[in-house]
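Student: Sequence:
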Amino acid sequence: MRTRILFVLCILAGAFLLRTVFSFFEGAPDEVRSVAEERAEAFRDERGPPSALLRVRSLERPGVSPPSLQPPPEALAGEGVLFAGQGDLLALRSAVETAGGRIIGVLDKLGAIRVRGGGEVFDRLRADGHEVDFNLRVTVPPVPPPFLGEEGGGAGFREGALSFLGVPPGNDEWGEGVRVAVLDTGVAPHPALDGARIHVLDLVDRDGEGLDRHGHGTAMIYQLAGRDELDTGMVPAAEILSIRVLDTEGRGNSFTLAEGIVAAVEQGARVINLSLGSPGDSAVLRAALDYAEAHNVIVVAAAGNENIPRVAFPAAYENVLSVTAIDAQGSRAPFTNIGKVDIAAPGIALPAAWLDEGYVWMDGTSGAAAIVSGAIVRMLSEDPHLSPQDVRAVLAATTNDLGAPGPDPVFGMGLLDLERLERRHEPMIHDLAVADFHVPLERLDGPTVPLTVTFQNRGTEPVNGARLQIRVDGLVVRETLVSLHPNALWDTEVAIRGDRLGHPEGVVVEAVIVPPAHIEDARPGDNVRRQRFRLLPKN
Numbered sequence: 392m393r394t395r396i397l398f399v400l401c402i403l404a405g406a407f408l409l410r411t412v413f414s415f416f417e418g419a420p421d422e423v424r425s426v427a428e429e430r431a432e433a434f435r436d437e438r439g440p441p442s443a444l445l446r447v448r449s450l451e452r453p454g455v456s457p458p459s460l461q462p463p464p465e466a467l468a469g470e471g472v473l474f475a476g477q478g479d480l481l482a483l484r485s486a487v488e489t490a491g492g493r494i495i496g497v498l499d500k501l502g503a504i505r506v507r508g509g510g511e512v513f514d515r516l517r518a519d520g521h522e523v524d525f526n527l528r529v530t531v532p533p534v535p536p537p538f539l540g541e542e543g544g545g546a547g548f549r550e551g552a553l554s555f556l557g558v559p560p561g562n563d564e565w566g567e568g569v570r571v572a573v574l575d576t577g578v579a580p581h582p583a584l585d586g587a588r589i590h591v592l593d594l595v596d597r598d599g600e601g602l603d604r605h606g607h608g609t610a611m612i613y614q615l616a617g618r619d620e621l622d623t624g625m626v627p628a629a630e631i632l633s634i635r636v637l638d639t640e641g642r643g644n645s646f647t648l649a650e651g652i653v654a655a656v657e658q659g660a661r662v663i664n665l666s667l668g669s670p671g672d673s674a675v676l677r678a679a680l681d682y683a684e685a686h687n688v689i690v691v692a693a694a695g696n697e698n699i700p701r702v703a704f705p706a707a708y709e710n711v712l713s714v715t716a717i718d719a720q721g722s723r724a725p726f727t728n729i730g731k732v733d734i735a736a737p738g739i740a741l742p743a744a745w746l747d748e749g750y751v752w753m754d755g756t757s758g759a760a761a762i763v764s765g766a767i768v769r770m771l772s773e774d775p776h777l778s779p780q781d782v783r784a785v786l787a788a789t790t791n792d793l794g795a796p797g798p799d800p801v802f803g804m805g806l807l808d809l810e811r812l813e814r815r816h817e818p819m820i821h822d823l824a825v826a827d828f829h830v831p832l833e834r835l836d837g838p839t840v841p842l843t844v845t846f847q848n849r850g851t852e853p854v855n856g857a858r859l860q861i862r863v864d865g866l867v868v869r870e871t872l873v874s875l876h877p878n879a880l881w882d883t884e885v886a887i888r889g890d891r892l893g894h895p896e897g898v899v900v901e902a903v904i905v906p907p908a909h910i911e912d913a914r915p916g917d918n919v920r921r922q923r924f925r926l927l928p929k930n
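Per my numbering, the very first residue in the sequence shown carries number 392; after that it's consecutive.
The hints are simulated quantities; they were obtained by calculation from the structure and are not laboratory data.
You can take every hint at face value.
Derived SDA-like pairs: lysine to any residue, alpha-carbon spacing no greater than 20 Å straight-line:
| # | residue 1 | residue 2 |
| --- | --- | --- |
| 1 | Lys731 | Pro800 |
| 2 | Lys500 | Asp681 |
| 3 | Lys500 | His686 |
| 4 | Lys731 | Ala784 |
| 5 | Lys500 | Val653 |
| 6 | Lys500 | Asp593 |
| 7 | Lys500 | Glu657 |
Required output: the full structure, derived from the provided sequences and hints.
Tutor: If you want it as structure tokens, here you go:
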């Protein structure tokens, strides 16, 4: 009897407890109900997604912001960039001000806002669902160390860069009708630029005149439009839009650079030269480059001078033409970056105008990028309907292969050749060449070292029956080509004894390509290549 009474009391107590719990949830706020429901759902099936538990924890602690993002070393302290996306730019501005941030720049075309504020400001904005990107430092490429080959082997170009590329004398009208933007440190007065048509925009000092107090921007504009007894720019008749985005120390940021790109597009530039860089990826810079591409504008950038296995941004982006530098012997300049490289151009001892009406000999990928920009301006002055994709295809079909056969991370598509560009539509040009020798550095320690010899048809007509000859240490390899179409490559591998590479004399390799007897080669000078290979002491 006592047991039955106890059992009934337990049932009544349990019913009262359940009624109390249900009445609590009936009157509970939605947030509490959702917590209970999600917790129950998460535990109903142990195999359920762990994200359910994570959601419960975040709801149980309302108002807690996600952990602060750590800015990369190249970020400007206390600055961020936000995008309105599909939303309202005015609403975004209001959200920034509510969070305690200060708006210091607005890019309407990209729906982007530059904000200054402490970490707590950006934490509040992120907690409200806004994505905050960092504003990154941008600089001119570092000045490379003195190039030893210039002193000992005459590997600098001096006044010979344009003739090396095949630019004919009397190019005074090149670039007519095309506007090219140079986003840099501005431009300084210089006699070599007196005849140039230069328009100026200053985004560093908004009330300024775009005056260059660093020198780098003036040097880049000289590569394009300089005229004096020392040298002539690539496209002296082009219109130059000098947009100052870097200060007197050659420093800037990704937001101002993006502003400059948008301004260049809006002011009618067809080519944008960016002889500058940053080690980091930037959302606002990516958006600006997409904007340029959508408006049929070609962007050219320097690969960088740090001698590292990756190129600088913006050269690293796929829709930017990345330029590396070579010396006057066609070899890679030792300071250049490797990776996403698209094309090579002269970059050792280029003459350049500087401050105080002076001149310097300039090394670096900066000058190489300006030269490639000039070549594209020349193309557009002849055919203004070319798209960025068309320009890339033309360059790929007219570059001289260097390094490993085909596109590679050192030279990209190969070396810019203005003579081939100018004559690409001209029929009946026969031009066979020994393109380059290539030794893979990772295979230098074996008993034999492979050496690849690349031959190229640089003419506009196919050639049948050309003969090849390669001589290595008295060994002769001979081949006959059945057919080589325009711009096609043919490579042959030969072996070098590894012990011979360590001798002071090294190994001399000579390669020759001989056209059939009925063909006259347009440039017989590139039918023969002779080079000595030896291992230098490690010290």
